[in-house]
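> Each chain, letter by letter, is given below.
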Amino acid sequence: MRLICPVCGERDRREFYYMGDAVALQRPEPDAGAAEWDDYVHLRENPAGVTRDLWQHEAGCAAWIVVRRNTVTHEVLESVLATDLKGASA
Amino acid sequence: MRFSGLRILKEGLTGNKGWSPHWRDPEPKAEYDAIVIGGGGHGLSTAYYLAKNHGMTNIAVLEKGYIGGGNVGRNTTIVRANYFLNGNSEFYSHSLKLWEGLEEDLNYNVMHSQRGLINLFHSDGQRDAFVRRGNAMVNQGDDAVLLDTAGVRKILPYLDFDNTRFPIYGGLLHPRGGTARHDAVAWGFARGADMRGVDIIQNCEVTGIDIENGAVTGVQTTRGAIKSKKIGLTVAGRSGQLAAMAGMRLPIESHVLQAFVTEGLKPVIDHVISFGMGHFYISQSDKGGLVFGGDLDFYASYASRGNLPMKEHVMEAGMTLMPMIGEAKVLRSWGGIMDMTPDGSPIIDKSPVEGLYLNCGWCYGGFKAVPGSGSVFSHLMATGRHHSEATGFRLDRFRTGVGIIDEEGTGSQHNLH
Numbered sequence: 001m002r003l004i005c006p007v008c009g010e011r012d013r014r015e016f017y018y019m020g021d022a023v024a025l026q027r028p029e030p031d032a033g034a035a036e037w038d039d040y041v042h043l044r045e046n047p048a049g050v051t052r053d054l055w056q057h058e059a060g061c062a063a064w065i066v067v068r069r070n071t072v073t074h075e076v077l078e079s080v081l082a083t084d085l086k087g088a089s090a
Numbered sequence: 091m092r093f094s095g096l097r098i099l100k101e102g103l104t105g106n107k108g109w110s111p112h113w114r115d116p117e118p119k120a121e122y123d124a125i126v127i128g129g130g131g132h133g134l135s136t137a138y139y140l141a142k143n144h145g146m147t148n149i150a151v152l153e154k155g156y157i158g159g160g161n162v163g164r165n166t167t168i169v170r171a172n173y174f175l176n177g178n179s180e181f182y183s184h185s186l187k188l189w190e191g192l193e194e195d196l197n198y199n200v201m202h203s204q205r206g207l208i209n210l211f212h213s214d215g216q217r218d219a220f221v222r223r224g225n226a227m228v229n230q231g232d233d234a235v236l237l238d239t240a241g242v243r244k245i246l247p248y249l250d251f252d253n254t255r256f257p258i259y260g261g262l263l264h265p266r267g268g269t270a271r272h273d274a275v276a277w278g279f280a281r282g283a284d285m286r287g288v289d290i291i292q293n294c295e296v297t298g299i300d301i302e303n304g305a306v307t308g309v310q311t312t313r314g315a316i317k318s319k320k321i322g323l324t325v326a327g328r329s330g331q332l333a334a335m336a337g338m339r340l341p342i343e344s345h346v347l348q349a350f351v352t353e354g355l356k357p358v359i360d361h362v363i364s365f366g367m368g369h370f371y372i373s374q375s376d377k378g379g380l381v382f383g384g385d386l387d388f389y390a391s392y393a394s395r396g397n398l399p400m401k402e403h404v405m406e407a408g409m410t411l412m413p414m415i416g417e418a419k420v421l422r423s424w425g426g427i428m429d430m431t432p433d434g435s436p437i438i439d440k441s442p443v444e445g446l447y448l449n450c451g452w453c454y455g456g457f458k459a460v461p462g463s464g465s466v467f468s469h470l471m472a473t474g475r476h477h478s479e480a481t482g483f484r485l486d487r488f489r490t491g492v493g494i495i496d497e498e499g500t501g502s503q504h505n506l507h
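Residue numbers (this note's numbering), protein chains in the order written: chain A, 1 to 90; chain B, 91 to 507.
Next up, chain A with everything else stripped away, as it sits in the complex (with noise of 0.2 Å):
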């Protein structure tokens, strides 16, 4: 599996670091609640296809980047700066 950096292009897995499931990027307010933390902490879809999920190129140009792939069949479709899907969503 090759993963695509926005920034550097097709490169080796072992350049990047695995965050996990990208609802990292969706923290919430400190004052939430238990059940809205454990969502954001534990909780998880864990599909069997298509999912979206948030690495650091490390070994690379060390942008974050959020990855959309396939767990079934290893296919990466796209990739997208993390900070470019926060200021979309800001």
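Just so you know, the hints here were simulated from the structure itself, not pulled from any lab data.
Ideal Cβ placement from N, Cα and C applies to all residues, glycine included.
Be aware that one or more of the hints could be misleading.
Rough simulated footprint, nothing fancy, chain B against chain A, three-plus residues with beta-carbon under 8 Å [unchecked claim]:
1. 12–21
2. 36–42
3. 69–75
Following the hints, position chain B against chain A.
Positioned in the frame of chain A, the structure of chain B alone reads:
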């Protein structure tokens, strides 16, 4: 059909014509007292102990593929009870005791071999940690022996003791640890359950879970609807999909863990060995293949196969520990779908849905738990109470933060185990 030495001799002399299938191939009934979804090791042992310990025989195991085709046939076959934390330690101890009587209990040769497991250490700090773990094992009533370098050299002379980067300081020997033939375990439990009247239904995929007024009433399957007020989920890496059918999300992310086997060789590795400085563990099967594995690939995956970087890492670790295996040719590699929880420990609990029970989150360690898991999960399903040896595997420990069982001490977060 009972197995015995005499029977094998007789069949051997008469052309092996007297053997019959080990379990029936029944049509699903319209309703059961309990249904176990998932015919892997955990599901089959749950059904077996529901019948044996709790007298529940009008039950079914639903398996979407075939018996022995999932993770139970895709692991490195290691059986051990060398855990440190309360919650894990009494449970795996319970499981190992069941392993020790399993072959007689099932009347089935699962080739359980207590050949001894050695965890190597490579620094003073790691030695201290293993002394502490060994004491915890002994306090639990299990066995642990601390070996110094000479002690390890005596039984494993072929290791690279003077490796510049990872010299071997000694090892923690768990004499009762060992291996078992994994698919025989599945077959043995399937046969044992079937003999007690359990219907084992293969090629039967669950496509929906029926819930009325907050309680389960049955399942929809590719072989029709089946009613039951008691349903146990033992579907490992597929727990996320089954939970979604019941409107739930679980603290589980499915990952791929790879394993490898070489061509058959003459006996060379008599124990199970785990390398303390690179994630690597190895044993030799009775067929002669060196069976070994490493760590997760570390990304969510349902592919049942991994990528090359982890293969390279595992081979490097193996070559560092025992350079002699460089001569062996790898025959094949495979991957299993691991149901990873944030703290690396399992969940055996009731779900928020009445009558729906959860047995999942076995991470990369489910095989040795097979008898123990079935025994405690059947107890929960039959009595509604947690078994005394498995009170810690609660679903709500993640939400509350109380009772986290973080064996590796790395933190309770999805990408850390």
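> Decide, hint by hint, whether the structure agrees.
How the hints compare with the structure:
{"no.": "1", "hint": "12–21", "verdict": "holds (count 7)"}
{"no.": "2", "hint": "36–42", "verdict": "holds (count 4)"}
{"no.": "3", "hint": "69–75", "verdict": "holds (count 4)"}
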